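2 protein chains.
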Amino acid sequence: MNLKPRLASLHKKVDQALDRWLPGEKTKPKTLHTAMRYSVFAGGKRLRPVLCLAAAEACGGTISSAMPSACAIECIHTYSLVHDDLPCMDDDDLRRGRPTTHKVFGEGIAVLTGDALLTVAFEILARTKATARHGMGDFFCELSKAAGSSHLIGGQVADVEAENQKVSPAGLEFIHLGKTAAMISVSLRLGAMSANATHAECRSLGKFGTHLGLAFQIVDDILDITQTSEQLGKSAGKDAAAGKATYPAVFGLEKSRKEAARHTNLALWALKPFGERAAFLRGLADYLLSREF
Amino acid sequence: MNLKPRLASLHKKVDQALDRWLPGEKTKPKTLHTAMRYSVFAGGKRLRPVLCLAAAEACGGTISSAMPSACAIECIHTYSLVHDDLPCMDDDDLRRGRPTTHKVFGEGIAVLTGDALLTVAFEILARTKATARHGMGDFFCELSKAAGSSHLIGGQVADVEAENQKVSPAGLEFIHLGKTAAMISVSLRLGAMSANATHAECRSLGKFGTHLGLAFQIVDDILDITQTSEQLGKSAGKDAAAGKATYPAVFGLEKSRKEAARHTNLALWALKPFGERAAFLRGLADYLLSREF
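Residue numbers (this note's numbering), protein chains in the order written: chain A, 1 to 293; chain B, 1001 to 1293.
Incorrect hints may have been included.
Ranges of calculated distance between the beta carbons of each label pair, as one might list FRET restraints [unchecked claim]:
(1) Val1104/B with Thr198/A: 43 to 53 Å
(2) Lys1028/B with Thr198/A: 50 to 60 Å
(3) Ala240/A with Lys1166/B: 49 to 59 Å
(4) Gln165/A with Asp1093/B: 25 to 35 Å
(5) Ala132/A with Arg1006/B: 40 to 50 Å
Lysine-lysine pairs mimicking DSS-like chemistry, simulated, CA-CA at most 30 Å apart [unchecked claim]:
(6) Lys30/A with Lys1244/B
(7) Lys244/A with Lys1028/B
(8) Lys1207/B with Lys26/A
(9) Lys1145/B with Lys129/A
(10) Lys1207/B with Lys1004/B
What the hints contain is simulated information worked out from the structure, not anything from laboratory work.
Predicted, not measured: the structure shown is a model, and the values here were computed from it.
Backbone N, C-alpha and C fix where the C-beta goes; we use that ideal spot for every residue, glycine too.
With the hints as constraints, model all of the structure from the sequences given.
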């Protein structure tokens, strides 16, 4: 399977759709729309939308029917980064080597840019079509729940509150399920839904996403302490310096490696029913989790 | 027509529905859910949801079918206040005599509380039912556009950018259409849509909302300079002190009064086709605009 060209092609299609569906930079107010595009086209990997499109294909659907979901998810992912980077949150000046949104446009505009990306996500999602098994309301319900106060936002709150505190394994899992796994899982479920997948297929792909997200996060946590800043392309040891709740901090390095392997296996197990149709998803999982750790 | 008891009864129904549909304070993370409820149950007038419910009734629909739209709109209105009050925006310590969300819970949690209220709005809206004339996608499209970068958020950006600048009448209208009129207009349109109103009815009520919103904003602007803090129940002269773009600042007091009257007439004119069915809406408009100015 030729993973990289396929990845690049889907990445490009997502970027083209985002470019089409986001308001132009000349639309009033220009500052806001410029800031929205600055944030969205900042060199992201488009992991979540690619997983969404791949899930649709694995269920016999088309890229184009899954595209509104894919782009809505990427807008929500981007808004969450813009708000997380704010001085009153993680206070980051750089993201992927570029100044963060609030460094370029100021804090007030960065808050509003995040708000606008979150809002436009639902406007873009309204382009999706209901299928025989999944109504429009189901798409909105799934996405708003994954992005909401018990998952994406809830995870961020718990993460902030856990800084420099003793965190239980359950508390750690709540943070990572919310901050990482929920949005990856919903990416796969929405892709499947747009392909009119059965409820069993949606559940399997959702499970794949949850375990993939957790494994991905654990590997990230491990790399933060085992690699140099040069290897990572970003400052290493940041989590420990900020007193963040991470897998190695709670479980130690050895147990963390085992947890990563366990979630990887559970993720791949969830793809079993799809056989060959999930080859690309399997390839993506291998690719994401193959970083040395 | 006995306006006040009717208003109070609808207000109460909205509060009950919000209480039912917002996550409980004991749901994890507790801080976030407590902050969400602190912000929503802060003594707001529930103007937008009441207009939404009244529009549904004027079109022959029921309160209960319009309730998801009404509550979604109130959550979005509340989130916009929480974010507007932030230190990096209007920097307000008090709202309706109570400390603002960030004063109580901190800035980071206030940003996330606003995010969560915006997100839960779409989860609540997913409870609405499509009607013969209006699909689920139409509800989401209308609400996300009104709350989005060209209206609610765009108006706030333009407002921030206009501070201490010379603003044209068109620039001023962009701000007030976005910040105030768009959400009032969509309240009426969603209420009408939930009642399966004709497109002409939706348009008329939307127009009523736009002019009502503008008239309301102009009166607010006028009162800020003609009344004392005691009369207003909040600090008077705040707009001028902040160098805000207001109607009196751009047009002068006399012309502003005429504009308020003109928009009031246009609002009432838009209700003509509804005859007696719009009696409560007319009463609400009178009530909102009857403040001395």
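### Query
Between lysine 1207/B and lysine 1004/B, is the straight-line Cα distance small enough, at 30 Å or below?
holds (24 Å)
#### Entry: C-beta pair alanine 240/A, lysine 1166/B: status relative to the range 49 to 59 Å that was hinted
holds (52 Å)
### Message
Can you confirm whether the C-alpha distance between lysine 244/A and lysine 1028/B stays at or below 30 Å?
### Response
holds (19 Å)
### Query
Should the hint that glutamine 165/A and aspartate 1093/B are 25 to 35 Å apart at their CB atoms be regarded as holding?
This hint holds: roughly 29 Å between Cβ atoms.
#### Entry: alanine 132/A versus arginine 1006/B beta-carbon gap, inside 40 to 50 Å or not
With a Cβ separation near 43 Å, alanine 132/A and arginine 1006/B satisfy 40 to 50 Å, so the hint holds.
### Task
Take the C-alpha atoms of lysine 30/A and lysine 1244/B, compute the straight-line distance between them, and say whether it is at most 30 Å.
OK: lysine 30/A and lysine 1244/B at ~20 Å, within 30 Å.
### Query
Would you say the C-beta atoms of lysine 1028/B and threonine 198/A sit inside 50 to 60 Å of each other?
violated (31 Å)
### Message
The hint says 43 to 53 Å between valine 1104/B and threonine 198/A; measuring C-beta to C-beta, is that right?
### Response
holds (47 Å)
### Query
Holds or violated: are the alpha carbons of lysine 1145/B and lysine 129/A at most 30 Å from each other?
holds (18 Å)
### Query
Is lysine 1207/B close enough to lysine 26/A, meaning Cα to Cα at most 30 Å?
holds (27 Å)
Comparing the model with each numbered hint stated earlier shows that hint 2 is the single one that does not hold.
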